[in-house]
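These protein sequence lines map, in sequence, to chains A and B.
Taken in order, the first sequence gives residues 494 to 976; the numbers are from my numbering.
Taken in order, the second sequence gives residues 4 to 138; the numbers are from my numbering.
A portion of the hints provided could be inaccurate.
[As the list claims (entries may be wrong)] With a Cα cut of at most 20 Å, we get these calculated PhoX-like pairs of lysine-lysine:
1. A/Lys911 to B/Lys111
2. A/Lys775 to A/Lys722
3. A/Lys944 to A/Lys911
4. B/Lys58 to A/Lys911
5. A/Lys684 to A/Lys642
6. A/Lys775 to A/Lys753
7. A/Lys753 to B/Lys110
Since the hints were made in silico from the structure, they are not lab data.
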Amino acid sequence: MVEKKDLIKITDVSWEIPTSYREDMRVPVRIFADETLIEAALGDKSFDQAVNTATLPGLVSPVVVMPDVHQGYGFPIGGVAASRYPDGIISPGAIGYDINCGVRLLASRISFADVRGELPDLASALDANCPSGVGVGGSVRLTTRELEKVCRQGSLWALNNNYARRDDLERTEEQGQIPGAEPSSISSRAKQRGKNQLGTLGAGNHFIEIDVVEEIFHEAAADAMRLAKGLLTVQIHCGSRGFGHQICSDYVREFQSAVKRYGIKLPDRELVCAPLNSPEGKRYKAAMACAANYAFCNRQVLAHHVRRSFEEVLAGRVPDWDLHQVYDIAHNMGKTETHIVDGEKVRVCVHRKGATRAFGPGFEGLPEIYRPFGQPVLVPGSMGTASWVLLGTEESMTRSFGSSCHGAGRVMSRRQAKREIWGQDLRQELEAQGIIIRAGSMPGLAEEAPKAYKDVDAVVDVVVRAGIAAKVARLRPVVVIKG
Amino acid sequence: MQPAFEEIEHTADWALRVRGRNLTDLFRNAAFGMLSLLDIESVPGNSESRSFELKAEDAETLLVSWLEELLYSLEVENAAVVDFQVEVLEEVQLKATIELKKIASIKKEIKAVTFNELDIRAVKSGYETIIVFDV
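Given only the sequences and the hints, what does the whole structure look like? Please build it.
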């Protein structure tokens, strides 16, 4: 296993594992972390998985590791790897089973102080209107034809079916529609799983949360996002549900033989991949885009249900109960992007697994109002702790392929959390802190306890010090809905 | 005696170490292990049975396919596997019959069965592997 002595300290918040660490590494690993977070990551196989990733063919240097890194199932969670067109690879396992798992943030003009007494009703309305839990279907039932439209159109499907506003799409990564989606590249099983899960939250670490804006760090950017101290916001964290899981499973299995055909040797079978320009690589990319669009649409339908819940409870009680979209961002995705590498423009496929895009000011894909500041980066906390709104920076473009962290990052295993934490006790503890909890499963709640995660403030502190993000606002949870 | 399956530490997901006297026993214990993680209750009444055969190019891929088949029933048919028979033939093929009952409640979700660290090895007592589940 990688030990601390194997790391080269570059600055207080950046480290490197050189290619000399292991013979099969093709590129070095760059880690953004302080001493404490380095120690935490050395507690599991995060860095070994980053080293394994660094053996993939066609990567552009380096593999990047975020401060919220933890052990995943092949590729570390909190990892970024860019592969060069056309000889680089695309790896389904390096994007993950929950393709386009991501976060959406909605802002309001509702003051926390004015609606404190209404929060239990709001929590119950969200819980009733936003289907959550294992195997729970949604209110939208899709025919195969409509599902294929969702695959191609993403959030645009939601707009055409009255689940979205034009403004929502403009404030979504890629406008909620990744090009190149091809439904013929997905299996009938995936389609079957996708038909009744649109507009559902799922279980595990997914949530809907009402937060209060606690502190503003960048007034102008916060104004553009309509964030102000003391106002309520809503976060939605979920992905492509069983539809995406099935697509990834299908391709990880299929690519087991593809690696043999292309003579790719791997230290872990979950890292299976195929050249970007191969028939297999192209088909997976088209299938991944279907799942990514499904996930954008899923969060959009959930946002519609959240708005409906706010209206049900707050109409007539506050002057303005509307929710305005701040941004929607993916943190499990493979994206075709152009980056400057050694002074040269290079087209790459950036695999971000538990890492967000964090493009700097001037990026044309941003709505005009955000362009002077950079792309909003949403970093959810862990139920009892803060969440953050950040901005991408110019430096992130050269230091991390325009990427930043995605959350607090787990530090305690689910097994240990189950042993040490009792769901009912945790709920009481959080409610004593003024956080209202609605959870479908108490053991599930225990596994997601704040104690199981790293300190999100420390994670954010590192990305800011490393120059790959800038602070806009800190949010404090008041209602948490979990499946 | 070593347990047929045991949960091992994993920061974010679930991991099991599974053992079996032979491959059929290993596949059976892997299914018992996975189902035990999900904490499912089924509704009372008769079960429905479904038989199928699976083929793969190696034993690991066959194991993943077998476990995925059980997860698929859970999600798409809303049905819990309450009993099953499985027989592995020549490492790369199996036939199985599963008994399904409608789910009354299910507490946990497994997104996928992964190939991470999956390596079926012959050991003194038979076979052994680690299986990591994405949750």
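Hint numbers contradicted by this structure: Hints 2, 4, 7 not satisfied by this model.
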